[in-house]
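Please build the complete structure, drawing on both the sequences and the hints.
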Amino acid sequence: MSNILTNIIFLPLFIAVILGVLRAPLKLLKVGAFFSSILVLLLVVFVIIDFDPKGNMQLITYLPWIQSAGIFYYIGVDALSLVVLTLIVLLMPPLYLYMYHEKRKGYWYNMMILQTGVTGAVLSLDLMLFYLFWETMLLPIFIMIGMYGSGMHQYNSMKITLMTILGSMSMLFSILYIGYIYFETYGIWSFSLDKLSLLSFNPQTSLWLTAGFLLAFVIKIPLVGFHTWMAPAYGSAPTPAVVIMSSIMAKLGIYGIWRFGFTLFEETLLFYTPFIITIALIGLLYYAIRAVSENNLRRMFAYSSGSHLSLIALGLFVNNIYAWGGSLYFIATHALASAGMFIMIGLTYQRFRTLDINSLGGIAQKAPLFTFFFAFFALSIAGIPGTGGFVAELLIIIGAFKENFILGFLTSFTMLSAMIYIFWMLQRVLFGQPNNSTPFADLNIKETLMLLPLVILLILTGVVPSLFTPYFEPYLTQLLGVAS
Amino acid sequence: MLNIIVILPFLSAFIMAVVYLSNTKPQRYFFYTLIGVGSPTIITILSLLSAYELLNGAPTIHTTLLTWINIGEFNIDISFMADKLSVVMISFITFIATFIHIYAAGYMKDDEAYGKFFSYFNLFIGSMLLLVLADNPIMMFIGWELVGLSSYLLIGFYHTESQNITAANKAFILNRVGDFGFIMGIALLFVSLEGTGFTFSSIKENISLIPLDTLNLIGIFLFVGAMGKSAQIPLYVWLPDAMAGPTPVSALIHAATMVTAGVYMVARYSFIYEELPDVGLFIAYIGAFSALLAAIIASYQSDIKKILAYSTMSQLGYMFIAVGLGAYSSGIFHVFTHAFFKALLFMGAGGIIIALHHEQNIFKMGGLKKQLKLVYITMFIATLAISGIPPFAGFFSKDAILMTTYASEHYLIWIMATFTAGLTAFYMFRLFFSVFHATPKEPLSVHSLDKSITYPLIVLAFGSATAGFLGVNAAYGGDALINNFLALPDRLTHISHSTEYLLGGLNVLLALSGMLLAYKMFAATANEPIENTFFSKLIINKFYVDEFYVMLIVKPIHLSSHLIANFIDPKIIDGFISIQINTYTKVAVLFSKLQNGQVRYYALYILTGLSLMSCYMIYKLGVI
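Protein chains in written order, with the working numbering: chain U, 1 to 484; chain F, 485 to 1108.
No lab work stands behind these hints, which were simulated from the structure alone.
Heads up, a few of these hints could be off.
As the list claims (entries may be wrong) - List of simulated lysine-lysine pairs, DSS-like, C-alpha gap at most 27 Å:
id: 1; chain 1: U; residue 1: 366; chain 2: F; residue 2: 600
id: 2; chain 1: F; residue 1: 857; chain 2: F; residue 2: 935
id: 3; chain 1: U; residue 1: 446; chain 2: F; residue 2: 509
id: 4; chain 1: F; residue 1: 568; chain 2: F; residue 2: 509
id: 5; chain 1: F; residue 1: 848; chain 2: F; residue 2: 1026
id: 6; chain 1: F; residue 1: 1026; chain 2: F; residue 2: 1004
id: 7; chain 1: U; residue 1: 105; chain 2: U; residue 2: 54
id: 8; chain 1: F; residue 1: 1055; chain 2: F; residue 2: 1070
id: 9; chain 1: F; residue 1: 925; chain 2: F; residue 2: 848
id: 10; chain 1: U; residue 1: 159; chain 2: F; residue 2: 1104
id: 11; chain 1: U; residue 1: 366; chain 2: F; residue 2: 1026
id: 12; chain 1: U; residue 1: 105; chain 2: U; residue 2: 27
id: 13; chain 1: F; residue 1: 509; chain 2: U; residue 2: 366
id: 14; chain 1: F; residue 1: 509; chain 2: F; residue 2: 600
id: 15; chain 1: F; residue 1: 1039; chain 2: F; residue 2: 1021
id: 16; chain 1: F; residue 1: 790; chain 2: F; residue 2: 853
id: 17; chain 1: U; residue 1: 446; chain 2: F; residue 2: 600
id: 18; chain 1: F; residue 1: 1070; chain 2: U; residue 2: 159
id: 19; chain 1: F; residue 1: 600; chain 2: F; residue 2: 688
id: 20; chain 1: F; residue 1: 790; chain 2: F; residue 2: 1104
id: 21; chain 1: U; residue 1: 103; chain 2: U; residue 2: 27
What follows is the structure, encoded as structure tokens:
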């Protein structure tokens, strides 16, 4: 069982390679991909069962890789990475089900490689290894938007790639420089997180190094000012890629700050805190207001995603248990809700062949079940009580009030931000008279079953959060205890 | 027992939703009726039982369903509490809601989405009960928000008309604006009391730990929530539009659920508000202005449901005057009596609307007293009750409030409230006479009504006539049963019995003159108000408040959205990126010019390079 994490990371890639080498027929490929996702899901269930919520890093694998440069294959899981890991493996099977009719083989291979990329990034504890996976996950996205996208997909795919690579480069520079400082101090090279965290930097260097990391993460999230890749990329990407981008990759930006930022540059981040909180607050409303006049459904929810991720980033930079708990909880629940939402949008596109809000409408008359799911996911994005998003937003608001009154007041605007666009969108998409004579089939059994787990999870996270909080609460308390 | 009271409606709503979604064809009328009406009936019995327990001196009941969340000091349970205040609330809420359900079974029976309707309806009741029975502010807030959600679903029930959805959106968004205040109040309360527990009883014990200025903020923020939910100035504009929903929904929103939540909330937090007389006065003024404004607008409306909607807002204003001035029991008492006659008025109006094939303009009706005898009599009782004519229910509760305003010595509030009382009688009888007495302009064809529609009217008419006796003041020979039972921290007022008789007499006189005026103007022939003067134009258009909000809030949001889409994003942020790209391109063009493939140019570059190198060696390194 000791290498269970390695299996979790590489199983999809391994299966993809085997299927590729064997030039597997489409049917086998589909089965293989789905099988791999289920298998990984089971493995993660094992991890969760054995997981000790009070413990630190667990299931550590520490193997030499490029010894002369001090690069190790160093992976492990703690409460933080477990949340994101669980999300990844929960979302993959529904996505494969969604892709059921997809005939292009490359699509399936890309998804499997993507899974390895994101899982690896979540679990690695060696900066070089992390960087490797961080770049690995960009590649399939580049291909999926560029080859299988719609609209100006090639341009948009270049745009996201270049902008994220700009961040990655600055991060790589920081990583190398930290390794070098370690070498200067101890005489050997190392990129292992636990060793590097022992270093102390002089303030000036530390500012630059932190900025290098932050740029990568802030672009990935993205916060306002670094976001212009987002709407075009979301708009052009095929649905599974959008789901991965919004539900997982954006969260990895947050996760990166949490894992690497707070471990390495605890104090320097304090310097950046006011700046990040400010742009996060701006982002919360900026994206929401921008979404109002957006007529493409998928792009609208790209902005929506940006708005909520700003809130998560905000919670991360408010150092108390409520805000942190809320942020982590929001990472999970928002991923579920936005995955559901983007799948619904994908299904809308499959039926109508358009995502222009003004040419939709009247769906409620034709497809009640579809309407229910669509409205449910939209409302859970708006943070209706009874869904997990509400719990998360409530916690973040309380955390902000604990910090200070003004911050609390401004953060509470999250109650209104989603209102601005979601209800008007629902009105134009679902209700009224149809603007479109295309027949609209209701959800079939397969689609319902694919969406049902997401609905159940969202309701569970909203109605009984106490089922989930014990997995991360002790750990966060401990982290905060160390920090203060 | 409390667990069952709250869970049951959610459960029945869930079952009906699943059944409905699995097969949306209009069928299973019996199944939906059985579950949809059965579950409120059961909870009514349970609620009355728990009220009976408390009446017999049992202490406050607490039950815990499960732990909701544990993070840091934020330990919240899904737990319920029935104290005297909440049992009074749930008794009449469930009782009236059950009759509205029975009524709805008749009213909606031909609707295709009958199952969906009852699913939403039960959800609505469940949310309201969660709100009322919550043991901590967080559960209350969840109920509070779910009430908003259910109202959104029900107001937008006829979803094929886009304007109904607009009304639903408006209701939900304005409620959310209120919730925005409410959640700030709760968060501030929690942060100020962190670590001392967060149930109503523990908050009450530790309230003295909070500094007064923070407490002031908390009080105001919480009240912002009430403004939204209970449709007070300035967040009231959703209420008249909420008439877009089916009439049973209006009855439920206005009588048993939703709008009364704000008053209940203030009474629930009375231990905070009793410390804050200034905030209380603010609440009372908001209530007084809302009452007056709504009554003025109601006097110029012609849609039967809108008149009733404004009258609700006006009556809610009275309730807020009461709780604002510290007369919490009188406020709750008026909530109680109002629930009976307002439900009755809406259900009667619904009956009339159905009977007249969905006509809602009172000036196109007339002379219905013969055709709809039962509706006529019951509506008459309700109209007398709301106008404050003794001995009907409204008189006692309204009189108690007016007395409080006089005793508080805030005479401006008293004048506004008293004037509104006269106005209420006027606009209510204007409606009554136009519908039942005036000669119709053209002959009307009148449907007969179902028994499930008319019978609930009789029950509620009985309630409207007698509910007031539960709270008769000492001056009128009663002993204010309900006030004594509630045991809320009412501010004591001293007023002699003779003043009380005088004030009571004045109110009845005003009500009677309002009634007489309405009789003179509308009993024979009723004409629609016309926009001929500046004032009538202003009032008929509801003081242009909607237009004002659109201009002040909606337009700027759209404008800034377009500004971001067309300028900030592409020009500034992407512009910054484009500058870099353009620089690269220009440099590349420059380089490609250098690299032009002609040998003599390359020779020139070599020469230049060599010369520069030589210069460097000679002058810098001193080679020669």
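Okay, the hints, checked on the actual structure:
Restraint check for residue 366 of chain U and residue 600 of chain F: satisfied, since their Cα atoms lie roughly 15 Å apart, inside the 27 Å limit. Distance check on the hinted pair: residue 857 of chain F and residue 935 of chain F sit about 13 Å apart at the alpha-carbon level, within 27 Å; holds. Distance hint between residue 446 of chain U and residue 509 of chain F is fulfilled; the C-alpha atoms sit about 21 Å from each other, no more than 27 Å. A threshold of 27 Å between alpha carbons decides the hint, and for residue 568 of chain F with residue 509 of chain F the separation of about 44 Å lies outside it, so the pair is violated.
Among the hinted pairs, residue 848 of chain F with residue 1026 of chain F is consistent with the structure: their alpha-carbon atoms are about 21 Å apart, no more than 27 Å. A threshold of 27 Å between alpha carbons decides the hint, and for residue 1026 of chain F with residue 1004 of chain F the separation of about 25 Å falls inside it, so the pair holds. Restraint check for residue 105 of chain U and residue 54 of chain U: not satisfied, since their Cα atoms lie roughly 43 Å apart, outside the 27 Å limit. In summary, the hint linking residue 1055 of chain F to residue 1070 of chain F is supported, as the alpha carbons are separated by about 20 Å, within the 27 Å threshold.
Between the alpha carbons of residue 925 of chain F and residue 848 of chain F the distance comes to roughly 7 Å, so the proposed pair stays at or under 27 Å and holds. Only pairs whose Cα atoms come within 27 Å are accepted, and residue 159 of chain U paired with residue 1104 of chain F is rejected, the gap being roughly 46 Å. Pair hint residue 366 of chain U plus residue 1026 of chain F does not hold up; C-alpha atoms about 37 Å apart against a cutoff of 27 Å. Distance check on the hinted pair: residue 105 of chain U and residue 27 of chain U sit about 10 Å apart at the alpha-carbon level, within 27 Å; holds.
Of the pairs offered as hints, the one joining residue 509 of chain F and residue 366 of chain U holds, with about 12 Å between alpha carbons and a cut-off of 27 Å not exceeded. For the suggested pair residue 509 of chain F and residue 600 of chain F, the alpha carbons sit about 11 Å apart, so the restraint of at most 27 Å is met. A threshold of 27 Å between alpha carbons decides the hint, and for residue 1039 of chain F with residue 1021 of chain F the separation of about 24 Å falls inside it, so the pair holds. For the given pair, residue 790 of chain F sits about 21 Å from residue 853 of chain F by alpha-carbon distance, which is consistent with the 27 Å threshold.
Between residue 446 of chain U and residue 600 of chain F the alpha-carbon distance is near 24 Å, which keeps this suggested pair within the 27 Å criterion. A C-alpha spacing of about 19 Å is found between residue 1070 of chain F and residue 159 of chain U, which places the hinted pair at or below 27 Å, so the restraint holds. Proximity of residue 600 of chain F to residue 688 of chain F is assessed by CA-CA distance (about 41 Å); at most 27 Å being required, the pair is judged violated. Restraint check for residue 790 of chain F and residue 1104 of chain F: the C-alpha separation of about 94 Å exceeds 27 Å, so the hint is violated.
This hinted pair checks out: residue 103 of chain U and residue 27 of chain U have alpha carbons roughly 9 Å apart, not beyond 27 Å.
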